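Chains as they are written, first to last, in the working numbering: chain W, 259 to 580; chain S, 259 to 580.
One thing to keep in mind: the hints can contain errors.
Covered stretches of chain W, as calculated for chain S (at least 3 residues, CB under 8 Å) [claimed, not checked]: (1) 334-347; (2) 377-389; (3) 403-409; (4) 423-437; (5) 442-455; (6) 569-575.
For the record, the hints were derived by calculation from the structure and aren't laboratory data.
Just so we're clear, the structure is a prediction, and the values are computed from it rather than from any experiment.
Beta carbons: idealized from backbone N, C-alpha and C, even for Gly.
2 protein chains.
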Amino acid sequence: MDRLIDAINAKQNPSVVGLDPTEALVPPQVVASFADEVRDEVESAEEVPAAQLAVAFYEFNRAIIDAVADIVPAVKPQIAMYEALGTNGVDVYAMTCEYAAERGLYVLGDVKRGDIGSTAAAYAHHLSGVAGPDGASYDPWHEDAVTVNPYLGTDGITPFVEAAAAADKDIFALVRTSNPSSSELQELELASGGRVYEHVADLVERWGEATVGERGYSRVGAVVGATHPEEGKALRARMPHTFFLVPGYGAQGGTAADVAGMFDAEGSGAIVNSSRGIIGAWRKSGRYSESMGADEALDLVAESAREAAIDMRDNLRVAVYR
Amino acid sequence: MDRLIDAINAKQNPSVVGLDPTEALVPPQVVASFADEVRDEVESAEEVPAAQLAVAFYEFNRAIIDAVADIVPAVKPQIAMYEALGTNGVDVYAMTCEYAAERGLYVLGDVKRGDIGSTAAAYAHHLSGVAGPDGASYDPWHEDAVTVNPYLGTDGITPFVEAAAAADKDIFALVRTSNPSSSELQELELASGGRVYEHVADLVERWGEATVGERGYSRVGAVVGATHPEEGKALRARMPHTFFLVPGYGAQGGTAADVAGMFDAEGSGAIVNSSRGIIGAWRKSGRYSESMGADEALDLVAESAREAAIDMRDNLRVAVYR
């Protein structure tokens, strides 16, 4: 986790921009501008709209990455948004990761993978890459970390931890998610005392044990939603070597004050994600007009994202760097 | 679930072939035979080995699909094996699903996706497809069902259930997985009585409630490992409207007798997966030789898979259709 923590410290900004594009978040003139380009590239006409949207997602992401690269340490593309467009979308997910990495950002792939041991080992190639020519390794996904699901237990996580350690990368396991229904399973009280998510928290702390870095945190982080501020504070104390990825800020209701307790006494220990609040900021800017051209609309997307990212950074600085 | 049950009944075979290729499972001369073809298609030389393996996976899968299409009702490609090769692999995953669907097989995409509500809605496009030209829907993934992870609760599942209902498809939620570490979380005892996986089982039964079909089972199935025969039997009674996908047969140790209790009194209610036991049967055939050409090796893969699939079918028939 040292690389992420150093990047946060360098920019004095514990926030990550979620690159979760949807059709509604991309100005329609941007999508329209790729109609001709796509038509020659797809195999069948029925693919055109999805392929066009995929290209638009990429240009949208590039505009945002360029606009925030000097402000934020990391981006978090959510692969679901890309899978929703089929394999054209998955290509754009990987291209987005690659572009962000080239711009010097830490790339946190929000893939929430998880399976039994032998299959988890296949997923772990997200971090370890695949064999290239002459035995060299080739990294097709360009992620510095991925999120994982803990429901299958240790043997589903170990391959990721080993891959992370070998490649100087990290993982983040779901512990306490930000959604309303998260309580149904995660909050269940155990006969032995404590709740399911607390038991998972203890597993996560243990999974990371052997990989604690120079900054005091292991390569196995935890996802802890901003919508649970009290629980997050308690988890901070319970998991002293576990770095937190905190979703649920902004559009989902979490505030800077809500997340402050998830940081340690030095103002480290967590990174807060905002997706729609940054990448959809153009829609609330009051400066958008349907008559704009595609380039002008993308400029507005970029400007608005930058302003929102600066706002978020400044709010977090006040709340966290006490 | 009616479509799957009808397909099982038509073939009198409650088994599914797991298409989980790995480099070790594909005869090396098959991989080698695609070296030239791939070199012109990739963007950079470093991609060649992974792209070559991806093409080999596709030919391997086609050989197996052709060999078993008249025997088995369904195939279950495991997307992890394809993601392990990057986006070239993901393309081959979708191509494999498409080919299997064209051969009339029910395609169960083992993707184990799961996320918070708004993001789960994006993943649900695996089932609902995406908008094509003129508002028509285009299906880029070609899956009849997908597996999902329940850790995030109801709002992470509802979008999949809705998509399944709208598209006459199904989902299978993890309940009790076949791996050794599954006990760490799934077997925890709850203060209210019962264990975590039993609580999840009750949620799954409820998630399916409104979608029970003519054959008595809902569109929300459950993954219950063959390695837990007693628990599987108890879950069969506990979840009367939930169809089971049973992994862990064969290579993982589960036998036909172990899975018999997961079927209902009519011999319906479950489908049993075997992956390595079928697709890797050529390695145990005693008929493989390194001097074989690529076509000859693929023929052996196909023949051996067909023999193993027939064996499995016959063993299950004896154990299940009592």
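What hint numbers does the structure not satisfy? Hint 6 is the one this structure does not satisfy, whereas the remaining hints hold.
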